[in-house]
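J.: For reference, the chains in residue letters:
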Amino acid sequence: MKRYGDHRIPGRLFVVEGIDGSGKSTQLMLLHQWLKAEGYGVVFSEWNSSPLVKDTTKRGKKKQLLTPATFSLIHATDFADRTERNIIPLLKAGAVVLCDRYIYTAFARDASRGMDAEWIRELYGFAVKPTVAFYFRVPLEVAMKRINDARAGFKYYEAGMDLGLSDDPDESFRLFQGRILEEYDKMIPEFGLTVIDATLPIETQQQEMRLMVLAKLTQAKQLRVAP
Amino acid sequence: MKESYGVRLPGLELDDLVGKLIVLEGTDGVGRSTQIRLLKEWLEQQGHAVLDTGLTRSGLVGKGIKRAKEGHTLGRITLSLFYATDFADRLENEIVPALRAGFVVLTDRYIYSLMARSMVRGLDPLWVRNIHRFAPKPDAIFYLRIGVDELIPRAVFTRGFDYWESGMDLYSAEDMYDSFRKYQTALLDQFDRLAEEFSFDVIDARPEPRVIFEQLKAGIDRILTPGVARAAETATAPIESSEAAVAMMIEEVSEERRKRA
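First to last, the sequence lines map onto chains A and B. Numbered continuously in our numbering, the first sequence closes out at residue 249. Numbered continuously in our numbering, the second sequence closes out at residue 964.
Calculated directly from the structure, the hints in this document are not laboratory data. Treat the hints with care, since some could be wrong.
[As the list claims (entries may be wrong)] Okay, derived cross-link-like pairs now, DSS-like style, lysine-lysine, Cα gap no bigger than 27 Å in a straight line:
1. B/K743 to B/K840
2. B/K885 to A/K83
3. A/K177 to A/K76
4. A/K24 to B/K885
5. A/K84 to A/K167
6. B/K723 to A/K85
7. A/K80 to B/K743
8. B/K885 to A/K76
9. B/K723 to B/K885
10. B/K743 to B/K723
11. A/K84 to B/K723
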């Protein structure tokens with residue numbers, strides 16, 4: 023079992039982080055399109071998407087069975103499945119792997135739910151260290167406005183309603199995501215996250231991202247090209 | 704009054720727990736479930752409310768694990784975390800509420816089995832210990848110990864060899880017998896290490912179930928009846944192995960004889 027930072031594998035791993043409404047998924051999608059067009063063998067992996075674990079998580083969320091501890095552990099299980107069956111084999115094969123949310127999402131959310139910060143870091147100790155972890159920093163109000171414009175209301179766990187911070191979903195979202203923002207800020211120096219100002223125009227952010235990714239790709243020797 | 708192995712879970716107070724947490728550990732087919740059944744009946748006759756529980760029975764993930772195992776596609780880290788999730792769910796929803804209500808909780812396996820299995824599968828021993836550190840320390844851990852040579856006939860003549868109990872995910876090229884032998888040997892080795900580290904009460908699982916039952920009863924009596932516990936403590940040093948106790952007895956008897964002579 024290799025630990026965070028110990029993996030020596032030819033592929034490249036780029037991850038995006040940020041609160042809901044930060045625009046990170048859009049940016050990753052644009053990066054994906056570009057890498058494909060450039061001919062790289064690129065694979066996308068989404069948070070909470072393991073086919074083996076997803077049903078349990080979904081049921082737990084729907085029936086609101088999850089406590090901070092089981093919420094944390096079931097997401098780690100999902101992540102482990104994707105790491106063991108996708109991320110590591112793909113990176114070994116020399117692919118470019120893109121992840122929408124990574125372990126830092128868990129660190130921010132679980133700590134905001136009162137879980138022991140050191141324990142969560144240990145829990146994810148098997149994760150591959152990303153080549154670059156982009157953090158899309160955005161003020162809370164901007165993120166809330168984007169979400170409200172796009173869809174009606176917040177989801178139960180997304181708004182941290184399980185914590186009983188407030189009965190009002192808007193207020194609960196504000197309090198919970200505010201805590202998450204604080205956790206992200208602490209992680210910037212801890213994990214060397216690359217901060218992108220997510221209030222800038224979409225094109226500007228993408229330009230910055232591509233420059234940094236390109237620098238890492240030109241250093242790599244054994245990357246796969248798309249079949 | 705209980706405490707965990709070092710990690711506190713939010714909203715899960717342990718210091719007001721009045722019940723007793725009793726763990727039965729041991730490898731597959733060693734006779735744990737028979738003993739749990741006997742103990743539950745006995746404890747209830749004594750007037751104790753009992754909760755018996757085991758691994759992969761949680762409402763949240765019990766079914767998910769079963770389904771995933773049928774496909775045999777779980778990675779080793781994933782499997783460990785799936786079990787840890789299941790354990791956390793049972794801990795929060797069954798074990799701790801029962802302990803709070805003053806039940807005797809009898810659990811068929813605990814984190815030690817989970818740790819042993821993960822370590823046999825090559826996971827980092829430190830990581831494996833750390834992720835289970837939120838578990839409350841039990842009042843007693845009885846380890847039903849058996850050697851692989853005594854274990855094999857039990858598997859052959861009762862249930863047959865099971866895919867996971869034979870570690871076929873580890874040694875898939877071999878037949879079930881070879882795989883079972885190798886896997887269980889490695890597992891027993893891990894249990895022996897854990898027994899020392901976590902001070903298990905080791906019980907020889909080779910004799911008749913009735914004999915084992917009597918030993919377990921005596922052990923549980925010491926926990927449930929403080930008077931008996933004190934008497935037992937002053938009477939002998941902690942009974943680590945019955946061999947040591949027998950050796951002491953022999954020593955005393957021969958001392959007597961020498962005096963008389």
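J.: A separate judgement is required for each hint: does it hold in the structure or not?
T.: Do the hints match the structure? See the list:
Under the criterion of a C-alpha separation no larger than 27 Å, the hint pairing B/K743 with B/K840 is consistent with the structure, at around 21 Å. The suggested pairing of B/K885 with A/K83 is violated, with an alpha-carbon distance near 40 Å, which exceeds 27 Å. For the hint pairing A/K177 with A/K76, the CA-to-CA distance comes to about 17 Å; that is within 27 Å, so the pair holds. Restraint check: the Cα-Cα separation between A/K24 and B/K885 comes to about 24 Å, which is no more than 27 Å; the hinted pair holds.
About 25 Å separates the Cα atoms of A/K84 and A/K167, which keeps this hinted pair within 27 Å; it holds. In summary, the hint linking B/K723 to A/K85 is not supported, as the alpha carbons are separated by about 31 Å, beyond the 27 Å threshold. A distance of roughly 35 Å separates the Cα atoms of A/K80 and B/K743; the hinted pair therefore is violated under the 27 Å criterion. Restraint check for B/K885 and A/K76: not satisfied, since their Cα atoms lie roughly 34 Å apart, outside the 27 Å limit.
For the proposed pair B/K723 and B/K885, the alpha carbon gap of about 36 Å is over 27 Å, so the pair is violated. Among the hinted pairs, B/K743 with B/K723 is consistent with the structure: their alpha-carbon atoms are about 13 Å apart, no more than 27 Å. A distance of roughly 34 Å separates the Cα atoms of A/K84 and B/K723; the hinted pair therefore is violated under the 27 Å criterion.
Of the numbered hints stated above, those contradicted by the structure are hints 2, 6, 7, 8, 9, 11, listed in ascending order.
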